[in-house]
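J.: Single-letter residue listing:
Number of protein chains: 2
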Amino acid sequence: MLHFSPEEFEGRKARLIARMAEDKLDALMLFAQESMYWLTGYDTFGFCFFQCLVVKSDGEMRLLTRSADLRQARNTSTLETVVVWRDRSGADPLIELRDMLDDMDLLGAKIGVEWATHGLTAANGKALEERLGSFASLRDASYLVSTLRSVKSPAEITHVREAARLADDAYEIARPLIKSGADEGEILAAMQSEILRQGGDYPANPFVIGSGPDALLCRYKSGRTRLKEDDQLTLEWAGVKAQYHAALIRTFILGSPSDRHLELHAAAVEALEAMEKVMRPGSTFGDVFDAYAGVMESHELVRHRLSACGYSLGARYAPTWMDTPMFYAGNPAEILPNMTLFGHVIIMDSDTGTAMTLGRTYLTTSGAPEPFSKLPLDLDLLG
Amino acid sequence: MLHFSPEEFEGRKARLIARMAEDKLDALMLFAQESMYWLTGYDTFGFCFFQCLVVKSDGEMRLLTRSADLRQARNTSTLETVVVWRDRSGADPLIELRDMLDDMDLLGAKIGVEWATHGLTAANGKALEERLGSFASLRDASYLVSTLRSVKSPAEITHVREAARLADDAYEIARPLIKSGADEGEILAAMQSEILRQGGDYPANPFVIGSGPDALLCRYKSGRTRLKEDDQLTLEWAGVKAQYHAALIRTFILGSPSDRHLELHAAAVEALEAMEKVMRPGSTFGDVFDAYAGVMESHELVRHRLSACGYSLGARYAPTWMDTPMFYAGNPAEILPNMTLFGHVIIMDSDTGTAMTLGRTYLTTSGAPEPFSKLPLDLDLLG
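These protein sequence lines are chains A and B, in that order.
If you're matching positions, the first sequence starts at 1 in UniProt numbering and goes up one per residue.
If you're matching positions, the second sequence starts at 1 in UniProt numbering and goes up one per residue.
Repeated chains share a single entry, so a pair holds when one copy, or any two copies, can fit it.
Think about it this way: if two alpha-carbon atoms lie no more than 27 Å apart in a straight line, the pair counts; the simulated DSSO-like pairs of lysine-lysine are:
1. LYS179 - LYS374
2. LYS126 - LYS56
3. LYS24 - LYS126
4. LYS13 - LYS24
5. LYS24 - LYS56
Since the hints were derived computationally from the structure, they do not count as laboratory data.
Can you make the complete structure from the sequences, with help from the hints?
T.: Quick look at the structure:
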């Protein structure tokens, strides 16, 4: 099953080859699963083992992977040539990669490598340099495909819209369950189930759920608890369709919100609105961070804020849906139309034990960014 | 929330330090999240960014991570010292790691490194060698903690038993849904939901679900379909408790099984039973593979079988629950009591389009391995 037309895949390949020509690369070694998915549709978690997709400047593509992924590549991608390396004591897939490159006439060639990906561990990276360092001239091409991926096509945006609808649906399912005495596990199960039930995918990282003191966390952890009468609950979740993510983050208040909750929520809304004002062409990702940081500073929240306020979203694989570029200080990457960006404000005040989060996913345009979600930004108060 | 007693964590640290002394290591740089979880309880998907847990031979531990994981470490682990590096343009966390090591008096020390983990990308591994290669003497210690982790304590086995119960419960929930016309998404949602609802965790990789021709796949992929009147459905899933996994794999037959299904199922049972006979102390992981491969060969299934037949399971993080050691040809790792091992037979006959899988998780003992699951090995036929 392909989630895009053959023409779309052809167009992506043409854009990639044009970029390779600019960088005078004879070939690319792709290790990021999201690069392989974008270029060919190849959809797997098999990148947990060594595999490599080689793309030549003439458009030829060959995948080296394990036997468990041979049929996966055939059934999910446009790939025609798949070479299998076998597990055994002393197996050296890097030698098989070198043989494959040799067979593709790439001895002495200039080859770009995706080093900065979970699809290539440090151990495999070292082996690659040892085995191939004298075979070819290796260049860093870690962000070549991810830069192309950051601007979405109409077909991709359709998937993100559907992902966003699933995220809103998950919220609607969860909200009536969020009450004093409720089990966090029931809430999490209901949200994740709604997305899978409708044909959505697993998120590239677990949803974040935490109440009481753990509402100040922004990562998943094992171990569920029950909600108290006066409580705070932080949820970060994403709808996922065809592996495309649309994330949301909210802190819900059970019982009466404290003054600090109200104060932090007002600051969060102000910061998000300030970010929206600059989340448009002509600005950089660093500018969006500055807009956020400025509001945080004006409310004396510098100690309590995170040092990033969002990132690009797309078809990403585990261990995280966080894609590049990110909104952090000084990031010179430019905002372009048709990016799908998650803007979030996360304020964790450990002094008073108060959590506040607010965030949603936007489509950038030539003007103001368009939020995908229909949910309001109001503080979510529950009986 | 800690999932183990302080004494258990102290005992693990003592075992680790004893192993470090054998290898004459002054310190360890841990990058695998499963190592950090095992040693301290630290539970996060924050390993998607650069972080490092340094353990000194005198027992001192310091974590370097991002701001988003500062409270996560405090709320989930025994760690007392957490150093934060900040995202910004030109940030170099490796310099901050070097400063931290310097502060721990490790200049010129012999330091073991976990290179073979998704917690350290090739790009970060290169940066580590560049920044620290002349600061300290770096040794490969990729499998030091994972070897210790592969033998489970009574408290860990309790979690695996609970995980196995969740896996069986997911089966019981799913089975009545598996019928002609059913949506794969409904089945997947019901299984995953049951595990999360009961306080279980997300699996380290998505459950595998595929019917028709995609029943021959053994990885998750995006895109659900409906079951046909005569169909085959392959499911691979795991119950997960306190991040400990207990996996199962089955192929279900809707309508009448073909002769080939019956033939392959008989071979799968025979292979699994042959594996069980050698899955005990005195054998190696390679011996278990040989038992499997022998049965496959006797049934002329060499072309259709995978080149591995299982692996160790435990508390693993994304992108996969597959842990080391694995059952593949020639693996000299020894089977010891109190390992939790997933044995699977996966036969995919592309010639006839027939899928057959069978597998379950075992506790090794001083004698025969004990399956955790209560499910039978019979071919699962659904009207």
